[in-house]
Structure formats: C-alpha cells, structure tokens
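Chemist: Given next are the chains, with one letter for each unit.
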Amino acid sequence: MAKSSATKDAQALFHSLRSAYAATPTNLKIIDLYVIFAISTALIQVAYMAIVGTFPFNSFLSGVLSCIGTAVLAVCLRIQVNKENKEFKDLPPERAFADFVLCNLVLHLVIMNFLG
Amino acid sequence: MAKVLGFLVLALSVLICEAAIFKPISDSHRSAALELFTPAHGSLSSLEETYEALRTFEVLGIKKQPDQRAATCATVVDTLSSPTSALKDLFQALRVNGLLNCELNKKTFAGIAPRLKDAVKSASSLLDYYYSVGSLVLIKGLNSDVDVHLESADSVVRAIKALSQSDGRWRYSSNNPESSTYAAGIALESLAGVISLASSEIDQSLVSMVRNDISKLLDGLEKYDDGAYYFDEKLADAHGHQGPLSASSAVVRGITAFAAVSAENLNLPGDKILGLAKFLLGAGVPGNAKDLYYQIEALASLENNRVSIPLILSLPTSILSLTRKDQLKVSVNTVLGAAAPSLTVKLKQIFSSGSKDASVIDQDLKFEHENAVHYLDALPKDIDVGSYIFTFEIVLHDSEHKMIYATGGRTKVPIYVTGVIKVDNAEISVLDSDLGNIETHKKLDLAGKNSISLSANHLQKLWLSFQLTSPLGHALKPHQAFLKLSHESKVEHIFVVGNSGKQFELILDFLGLVEQFFYLSGRYDIQLTVGDAVMENSFLQPLGSVALDLPEAPEKAARPPPQAVDPSSRFGPKAEIAHIFRAPEKRPPSNLSYAFLALVLSPFVGFLVGLLRLRVNLKNFPTASAPAAFAILFHLAIAAVLSLYSLFWLELNLFTTLKALGFLGIFLLFVGHRTLSHLASTSAKLKSA
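Line by line, the protein sequences give chains C and U.
For the first sequence, the numbering used here gives the first residue as 1, with consecutive numbering after it.
For the second sequence, the numbering used here gives the first residue as 1001, with consecutive numbering after it.
So here's chain C without its partners, still in its complex pose (with noise of 0.2 angstroms):
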C-alpha cells in the first residue's frame, strides 16, 4: 500500500515535473540538450580513461575540460537568456549569444594548445 503510494508519488512528481518543464520555451530546451550532450560526452571519456588508463594525459584533459567548459559557459548562456532572470532583463539575448560564441572560441583556442 505504502509501496503503491510511493510510487505514485514518484509518478506524480515526475509528471508535474514533466507539465512544468513542457512550458519551459524551446531555445531554452536546446540549451538544456546541449548541456545534457556535452556532459555526456565528458562522462563517456571518463569511462575511457578509467578502462584505458590516462596515458595521453593532456589529450583526456583537454577533452574533459572542452566539454565540462562548453556546458559551463551553456549554462551561463541560459542563465542569461532566461526571461524570468529579473538581473539580466536588459540583456538582450543576442548579445548572450555572443559573448557565448566568443568565449567558446577563446576556450577552445586554449584546448587545442593543451591537446598536444
């Protein structure tokens, strides 16, 4: 009995989560798969390394580190294009978007150097 309430708890958390998460807008949502994507992406390296071991050191790195940045700076992205942030209300979105692409650009430069 207990067990079957649980479980609709669950269900019912998940599907409120699920209704409130559908009127999230869309470039928001493409923002969200992005991170999902390159989080894993940097999980599936990890798995590589734990099974082969961290011989090109500097190349897992960089790898990690392209993936966790780019989410980082995803995230910030969204951060700010996020209508219902009051901070960034006079930030226009376009403008989030360059400095997303610039930073990108910049961290990227930086691990191609570190690749080796």
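To be clear, the hints were calculated from the coordinates, so they are not data collected in a lab.
Ideal placement from N, C-alpha and C gives every residue a C-beta, glycine not left out.
There could be a bad hint or two in this list.
Mimicking SDA-like on lysine to any residue, the simulated pairs with C-alpha atoms at most 20 angstroms apart in a straight line are [stated by the list, open to error]:
1. U:1586 - C:30
2. U:1619 - C:30
3. U:1687 - U:1620
Rough simulated footprint, nothing fancy, chain U against chain C, three-plus residues with beta-carbon under 8 angstroms [claimed, not checked]:
4. 9-18
5. 102-110
Partial chain U-side listing against chain C, Cβ under 10 angstroms, derived [said to hold, decoys possible]:
6. 1489
7. 1509
8. 1512
9. 1670
Assemble chain U onto chain C, guided by the hints.
Modeler: Chain U alone, transformed into the frame defined by chain C:
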C-alpha cells in the same frame, strides 16, 4: 733499469768539473767535415768558402774531389787576371791557388805584385794590410822569380803596430775605437808576413814590442775549470761570425805565424798553449762549417809550430770494471792525433771523489808499441768501486823535446771504477709489534726471481734487510735504495732503505703508517730498487706481495690522492654512447578505441534527435538578401575559425595560428555584429508590435 742507470751517470757527470778528458781530432771530425763542406748547389759559393773547405780537407787528410778543381781554377784565373779585382778576392784566390796549384801564367803574378805593394803602402785599415801582405807572402811561396820584397818594412810594421791597444788587442782601423781579439790575431799574422817579406833586417825593438803585445794578449786569456784557456770576444761587429772560437783560433794562428818568422824564441807559457789546444778540442765537432774551419786551422798551426807543440793525454775509456779487470789505458798524441815522441806517462796521484786526501802513487805506465798505448797492468790494490780523479804526468825522454812540446804538468782525469756488488743475506719478515716475535720469515735471492707472499695487519711490522759488499769487501752506499709498496688501486708508497755499514735495513711499523696508507687494505706489491753508477748489477725487481689488513677508515680520514690519468685515455676515443629510448606506453586495443569513438559521437546524435523532437526550425533565419548573406558569412567564419583550430592541432604553430586568428576574428566580429544586431532589431520590432 737502463733508464735509472743513465740518470745516475748523468747526475755523476755533473759532479766532476775540474777534470775532463780532451780527445784529439778523430774520424768523427772527418765525417763532419765531409758533411758540412759538401756544396749545396754543385760548387761552393765563394772563394773564401772554397779555401776553408780545401784547407780543412787538407789538414784532416781527406782527398779533395778532383771534379771541382777545374771549375775552381777557372774562377781563380779569372779573379787574378782581372785588373779590377778587390784586394780580398785576390787574397782568397791566391790562397785557393796555393792549395790547388792551378796552372797560372807567371806574368799574372808579375802584374799583381806591384799592385799589392802599392796597396800595402796606401793601406789604411788592418784588413787591407792583412789581405795585401798575405797575398804577397802567398806569391813569394809560389814563385821566387817575382820580386815581392818590401823595402819599407819597418814603416809598415809601425803602421800596423799603431793600431794596437794597451791590452794587446788591435783595432780594425784608426777611426774605429773598438778593439778586438780577432783583429789581434790578424795583425800578428800580417806582421809575421811583413817580417818574412822584409828585404832588410827589421828593427829588433819593433819585434820586441810585438812580443810584448803577445804576452799582454795572453794575460787576457780566460780559463775554464777544466784547464782550457780561451779568448772571449766581446765585440760583435760587422764581420759577423765572431766568438771565443774564432778569436782564439785567430790568435793561435797569429802567434804561431809570428813565432815562425821571429829569430828568437818567444818563450810563451806552455800551459797556456796547451790550454788553448784543450779549448779548441773541447769544442768537440762544431756544427757549422765556419767553426770547423777555425778549429781545424788553429789546431793545424799548433801541430807544428816553433812555440810549443801541445801533447794531449786521452783515455780510450774512463770507465774501468773491477770485475772484468780492465786495464787503465792512456794514449798521448798531438792535437791532430799524430804520434807523440818517446815519453813515459806516470800515474802520480789518485783522488777519491768522497774524500779530499789523495793517495800518492808514483807509478810508470808501460808502453805498448803496437797500439801506441800506455797501460797499467793492474789498478792499485786499494782501488774499490767509485769515482776517482787520476793525476797523470807526462815525462819526455829526450831533454830537447821539453823545449818543443807542451805537456802542461799534471793532467787530471776523471775515472769511474765499476764492479759487481755482492748482495746477500737478504731477508724479509713480518714481526709482532709489541714483542718482536717473528711471525713469518722468508729468505730472498736478490740475484734471481722472488715471489713471496706475506700477510700482516696494522699491529705488525715488516722488516727487510740485506747486505751490499763491494769487490774489495767494503761497504757501498748506493745512490738509490728504495722499497716501493704499491696497492692494487695504484697508490704507491716509497721508503728509503737506510744503512749502517754493509747492513741495509728497513722496518715498516704499519701502526704508524695506517694514516699514510689511507686505510687501504688489500694486496701491496713490493718492489726493491738498488742502484748506483758504479754498481754493474743495479737492479729494480719485484719481491712479491704483502696482504695488509688495516682497520676501517674513520670519517675524517684523508682520501687517497687521485691517480695520474693516462694521457692516452684522456685524448683517446671516448666510449660509445648508447641511447636508451623510453619504452612506448601500452596502447589499448584499437577495437576498444573505435567503439568509444562511436560512443563519444552518440550523444551528438542524441542531441540532433533531441533537436528534431523539439521541432527546432530555422524560421528566424533572415530572409532579406543582405542580412541572410551576413548570417551565412557569420556561420562560415565560425566554421573557418574552428577549422583553423584543427589545423593548429595538426600542423601549424601558435604564431601563425594567432596571426590568422586575428584577421578571422575581426571579420567574425564584423559579420557577427551585423547579424546579431539585425536579429535583435527584428525581435524588438516583434515585441513592440
């Protein structure tokens, strides 16, 4: 061992300087003369050199080469018949002619003689007199028909005498204040020529003045410790080749020439003439032609002169072996090696090098006619090995000879007496330090080979002893008696073996030596050296080894000195350097890597699928042509930057990348700004609408 002995002989030879052996002219001079006077380009360059060569060959008894005679004679005839020849050339030509006897026209001499007489009268310098008078003397010697007599001989003698100095030396000319010994020799030779050419008797007072000059000149002789006298030539002038040898040679020639023409005996001291002969012989075999000529010419004039003929006492060998019972042999010759008149050589005294007192022996040496050698049957009984100075005296049999020959009183000669030294009672032991008990005791045979092996620790002592006995049973203290201990690591220690009388003894107390031995335990090779110049059986031989057990080195103990590096190892080829490469890291299997490549790409696929499911579209993409072009350019520029990054990873370096990135960045900034501001303005319009 030969090296050690050689060094000892060298060291010993420095000790004796007051006595020396002078050997008469020998075959080594003849071979040297042939070598030095061999013309470099077929013929000798000048008549002067030709004369010097011919004269040296004549004195040494070398047959002159006939092939040069014709060419040389042609030069002589040319020089003599030319009316413009210089005085010096005439003189040299006549000198060469005197030796070669070229066929010359008698008229030639008749033509030259008046010229030479005029030259004598008008001469102003010493060399003018020398050449003109010398030429006239040579003509006189060849041809008696030509009148070469000088009427005014007295005035010529006075003119030459006017150039002399108070110390017996001469000046070259009246306006040259410097005086020279070489010039004195030339002047005396010229004076002798004038006297022989004089038509009437020369004023005796002039002759006695010249004799005075000669004795003053001889007072200026300098002496070496070994009894040789020489003239030191301080003046180095335009005549170039001047030194003690040329000066002494010139004076000897001058004096003998003057003695030959003067009526009275010059009464010159015989020991100085002998000393000059010794100096000339002491020059050995000179290294250049000029010096050889000076030496040989002067010795030739000493060989047969009216003053006193020096007799040279020489020894075939100055090293006598007691063991071989060598005889003491002495030969007496004239300077050029000719036989001496009948005489007796007496051994007067023997000085031992160690002590000052001499044993006086008055013993006649026997004469052996076959080899012309004086010899002593047996050495005096008390002569043991060592170095001695023997004093000889030459006694001429004929009392008339005493006026002719100069023997120079007593002659001191260094003699080395060598012999086989008896080495016996050689023993080596290891002793206990405190009680002196003998731990190990070995006998050594120092004449043969030894290879003992001992062992000792730092509380023990090594004891070595042997006896050295000379052939007469006396003690001998050799120059070298060393014991050498050399460790395996080539660290060497040398100890002097001390002696008391015949007994030689060395005690090594290892307790006191551990520091000196650098606490190095292990095998030490033992080597014994006993050497002396008079010891015929000097030896340097290994005795064996001793294994030393020394205590551990304390912290502060001195390290053994680094051994001298063998120069061949320092400059030789270095050892080859083998490069060791790091082993490559283990790579994972390629299948696994490919699988993970696919796995890494799968989130991207998921991302694209996710985008499709979100129904993402490009509706916001500008439709107007100019903004669309900027938007396309913006995306292309981003793609270009990313591909530049991949090029940077693959091949470019940071500098070229940054340069290209600079241009691309400006372009990207421009098109990005245009595109994004267009989007911003459209969204602002939407909002306001």
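Chemist: It remains to establish, for every hint, whether it holds in the given structure.
Modeler: Results of checking the hints against the structure:
Under the criterion of a C-alpha separation no larger than 20 angstroms, the hint pairing residue 1586 (chain U) with residue 30 (chain C) is inconsistent with the structure, at around 41 angstroms. Among the hinted pairs, residue 1619 (chain U) with residue 30 (chain C) is consistent with the structure: their alpha-carbon atoms are about 15 angstroms apart, no more than 20 angstroms. A threshold of 20 angstroms between alpha carbons decides the hint, and for residue 1687 (chain U) with residue 1620 (chain U) the separation of about 14 angstroms falls inside it, so the pair holds. Note: the stretch 9-18 of chain C has 0 residues with beta-carbon separation from chain U under 8 angstroms; the three-residue rule is not met and the coverage is violated.
Counting residues of the stretch 102-110 of chain C whose C-beta sits closer than 8 angstroms to any C-beta of chain U gives 3, which meets the bar of three, so the coverage hint holds. Interface restraint check: residue 1489 (chain U) against chain C, minimum CB-CB distance 48 angstroms, threshold 10 angstroms, status violated. A distance limit of 10 angstroms between C-beta atoms decides the matter here; for residue 1509 (chain U) the minimum to chain C is near 67 angstroms, and the interface restraint is violated. Contact between residue 1512 (chain U) and chain C, as hinted, is not supported at the beta carbon level, the nearest pair being about 65 angstroms apart and thus beyond 10 angstroms.
With 10 angstroms as the threshold, the beta carbon of residue 1670 (chain U) stays out of range of chain C, its nearest partner Cβ sitting at about 12 angstroms, so the hint is violated.
The earlier numbered hints that this structure contradicts are 1, 4, 6, 7, 8 and 9.
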